[in-house]
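> Each chain, letter by letter, is given below.
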Amino acid sequence: MSKSAQTPAAFAEPAPNASRPRPPVIAMRNVTKTYGVGDVEVHALRATTLTIERSDYIAIMGASGSGKSTLMNILGCLDVPTSGRYRLAGIDVSQLDGDAVADIRNRRIGFVFQSFNLIPRTTALANVEMPLVYGGMKRAERRELAVRALTRVGLDHRLHYVPNQLSGGQQQRVAIARAIVTNPAMILADEPTGALDSTSTAEVLAIFDELNIEGRTVVVITHEDEVARHAKRIIRLRDGLIVDDTRYAPVDGLPPHASNSLEPAS
Amino acid sequence: MNLESIQMALRGIVANRMRSALTMLGILIGVGAVIILVAVGAGSATKTRKSLEALGSNTLTVSAGGFGQGNRGGTQSRNLQITDADAVALSDKLQAPDIAAVVPTITGGGSVTAAADGASATVGQFLGTSEAYSAVRNAPVEAGTFFTAADVSNHASVVVIGTTVAKNLLGATGDPNSLIGQPVQFGSHSLTVIGVLKTKGSNGFQDQDDIALVPYTTVRDNYTGNTGTISQLIVQASGGNATGPAQTEITTILQARHKGSTANSFRVLNQASLLQTANANNRTFTVLLGSVAAISLLVGGIGVMNIMLVTVTERTREIGIRKAIGARTSAILSQFLTEAVLLSVLGGLLGIAAGIGGSRFNIVGVQPVVQSYSIILAFAVAVAVGLFFGIYPASRAAKLRPIDALRYE
Ligand SMILES: Nc1ncnc2c1ncn2[C@@H]1O[C@H](COP(=O)(O)OP(=O)(O)O)[C@@H](O)[C@H]1O
Ligand SMILES: [Mg+2]
Numbered sequence: 054m055s056k057s058a059q060t061p062a063a064f065a066e067p068a069p070n071a072s073r074p075r076p077p078v079i080a081m082r083n084v085t086k087t088y089g090v091g092d093v094e095v096h097a098l099r100a101t102t103l104t105i106e107r108s109d110y111i112a113i114m115g116a117s118g119s120g121k122s123t124l125m126n127i128l129g130c131l132d133v134p135t136s137g138r139y140r141l142a143g144i145d146v147s148q149l150d151g152d153a154v155a156d157i158r159n160r161r162i163g164f165v166f167q168s169f170n171l172i173p174r175t176t177a178l179a180n181v182e183m184p185l186v187y188g189g190m191k192r193a194e195r196r197e198l199a200v201r202a203l204t205r206v207g208l209d210h211r212l213h214y215v216p217n218q219l220s221g222g223q224q225q226r227v228a229i230a231r232a233i234v235t236n237p238a239m240i241l242a243d244e245p246t247g248a249l250d251s252t253s254t255a256e257v258l259a260i261f262d263e264l265n266i267e268g269r270t271v272v273v274i275t276h277e278d279e280v281a282r283h284a285k286r287i288i289r290l291r292d293g294l295i296v297d298d299t300r301y302a303p304v305d306g307l308p309p310h311a312s313n314s315l316e317p318a319s
Numbered sequence: 003m004n005l006e007s008i009q010m011a012l013r014g015i016v017a018n019r020m021r022s023a024l025t026m027l028g029i030l031i032g033v034g035a036v037i038i039l040v041a042v043g044a045g046s047a048t049k050t051r052k053s054l055e056a057l058g059s060n061t062l063t064v065s066a067g068g069f070g071q072g073n074r075g076g077t078q079s080r081n082l083q084i085t086d087a088d089a090v091a092l093s094d095k096l097q098a099p100d101i102a103a104v105v106p107t108i109t110g111g112g113s114v115t116a117a118a119d120g121a122s123a124t125v126g127q128f129l130g131t132s133e134a135y136s137a138v139r140n141a142p143v144e145a146g147t148f149f150t151a152a153d154v155s156n157h158a159s160v161v162v163i164g165t166t167v168a169k170n171l172l173g174a175t176g177d178p179n180s181l182i183g184q185p186v187q188f189g190s191h192s193l194t195v196i197g198v199l200k201t202k203g204s205n206g207f208q209d210q211d212d213i214a215l216v217p218y219t220t221v222r223d224n225y226t227g228n229t230g231t232i233s234q235l236i237v238q239a240s241g242g243n244a245t246g247p248a249q250t251e252i253t254t255i256l257q258a259r260h261k262g263s264t265a266n267s268f269r270v271l272n273q274a275s276l277l278q279t280a281n282a283n284n285r286t287f288t289v290l291l292g293s294v295a296a297i298s299l300l301v302g303g304i305g306v307m308n309i310m311l312v313t314v315t316e317r318t319r320e321i322g323i324r325k326a327i328g329a330r331t332s333a334i335l336s337q338f339l340t341e342a343v344l345l346s347v348l349g350g351l352l353g354i355a356a357g358i359g360g361s362r363f364n365i366v367g368v369q370p371v372v373q374s375y376s377i378i379l380a381f382a383v384a385v386a387v388g389l390f391f392g393i394y395p396a397s398r399a400a401k402l403r404p405i406d407a408l409r410y411e
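Protein chains in written order, with my numbering: chain A, 54 to 319; chain B, 3 to 411.
Think of the hints as simulated: they come from the structure by calculation, not from any bench. Some hints could be false.
[To be verified] Each computed SDA-like pair below joins lysine to any residue, with the alpha-carbon atoms no more than 20 Å apart:
1. K401(B) with S147(A)
2. K169(B) with A158(B)
3. K401(B) with D152(A)
4. K95(B) with P247(B)
5. K191(A) with P247(B)
With these hints in hand, go ahead and build the complete structure from the sequences.
Laid out in structure tokens, this is it:
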């Protein structure tokens, strides 16, 4: 296993305005996804072309079954498109083998799911450490990073709790800590607040705002307007097609609904 | 395989205690059975070897009547008897160069009861023999003396007894040596105890210490009548390699001396060849027992595979999560393989403990002798079984596509 250099500087802030032009985080061209064949064929995604810049904050909206999750699975390299080209940070993912794609998921992407997807009977700390284990990091180092990530989401008093001892909002915050512990450039969240009450939702959204202010790309799938209004750009899907793509704030600005404590830098 | 995957595997095992315990039980029984059954085989080999060794080294026994001749009726071989003259002829160094010593034994007519100070007991073996018996049969005295050639020619009324005979007369706490010099009534005659034999213990068939040895001349005078016949000749060959030639010489000489007799008229038992046959039988026996046990180990392995398949199915979603956060194929493979191997290693260790513990007990009259090779072999096979039967479930887990695993309900 190639041990990547996991910098302990998990929270070092990437420069919001890179002087050198870099490829977009995501560049999709004519990507389609079809499930099944013949009579049961479902075109979950039709010829989708999409470019996402670094530090953007995007909400993907659409009715149930419109292809949002399908899109996110492809963006996150969990699934492969039926056709089309997909480059992640300039790398053509379709050319990579399973282990190389696993490494990309490990280092560049942090996932947050609606159903939390924590590993059962495993403490919050062990759950958060897990991506670092697969990244090959030494025990002491990864423990420190995991504690920091959990502290950041306000769970430093719940390190040794197992998932079923935590509330939904707390579980989702553990999942976010796990997503950010490897210091990824992109956070992908599929309906992260779908199973949360309004207080927990607000907490999660505040964390996402912060992550974006740090310069991370955030892609959130949601059908709640309250969630979507935090994004700088909203993309709407219908029947596997992008029907609307509107920007509400500049890429290198602040998210439009950043919590009050964060004063916009003028 | 590193500490990380061992910890993860342990967590998996502990999460399903009952199931893991039952799976390990399968391996435990397999490994324990291999160790115990091989130990029983080895114990039974030791037992036969000991009982044959107790008969003396390089010895052959000669008695009248060959195998399968018992009730065929009317033939002269039935009446054929070994005589003093036969013993003398076999002692002839010219005709029988490979024979070192010839010892006659005469079995006293019927059972003989020993009695002293009001106590009495039947003697297991009441034997008339010569002074050479002690050396040839490997039966030295513990106290006192064995009778001498002079005692034999003088028809002396003396007896050398085994410790069981002494204990039967004195009670378990009595000192056998206190009987030396004392008269003891054997049947109708009183004999003076002049020696007590060293304890030999049981040979697995009879108590070798329940014995009384008397000059054969005295036995003829007082118990059997002077028939000039001998129940059994104990012949000692001149060396370890001489038992074969000695057997040929015995047959040749006896056949020449008894007109009309065949090679089957005498039964010549060769200790060395008996030992060989017994060893060969024991090996077969051990292999047989071992393979039965090995099959149960295999069944235990199938149990491991079964439980690992269940585990992989149950934890499909977990596998999906692990893959989503960057686990490589090899990481998932090693996690589940480690779990399978750990199950069988733990089961194997417990099996070794059970095997060694179980081998302390006497099993169907055999004291098992634990063989270190069987421990190593059984354990290695258990580990190999875990690896072999773990590979399929583990690779199934490793090959799952992350999205399919994540969507699994
Ligand atoms: N594994 C699958 N097999 C077959 N059809 C699927 C599968 N996953 C999704 N679909 C179909 O693809 C379409 C888009 O699904 P999805 O991307 O999950 O929608 P959303 O997340 O927007 O609700 C739906 O019609 C759904 O039924
Ligand atoms: Mg969905």
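> Each hint should be assessed against the structure and marked as holding or not.
Against the structure, the hints:
Taking the CA atoms of K401(B) and S147(A), the gap is about 18 Å. The hint holds against a cut of 20 Å. Simply put, K169(B) and A158(B) have alpha-carbon atoms about 24 Å apart, too far for the 20 Å limit, and the pair is violated. Restraint check for K401(B) and D152(A): satisfied, since their Cα atoms lie roughly 11 Å apart, inside the 20 Å limit. A threshold of 20 Å between alpha carbons decides the hint, and for K95(B) with P247(B) the separation of about 13 Å falls inside it, so the pair holds.
A distance of roughly 76 Å separates the Cα atoms of K191(A) and P247(B); the hinted pair therefore is violated under the 20 Å criterion.
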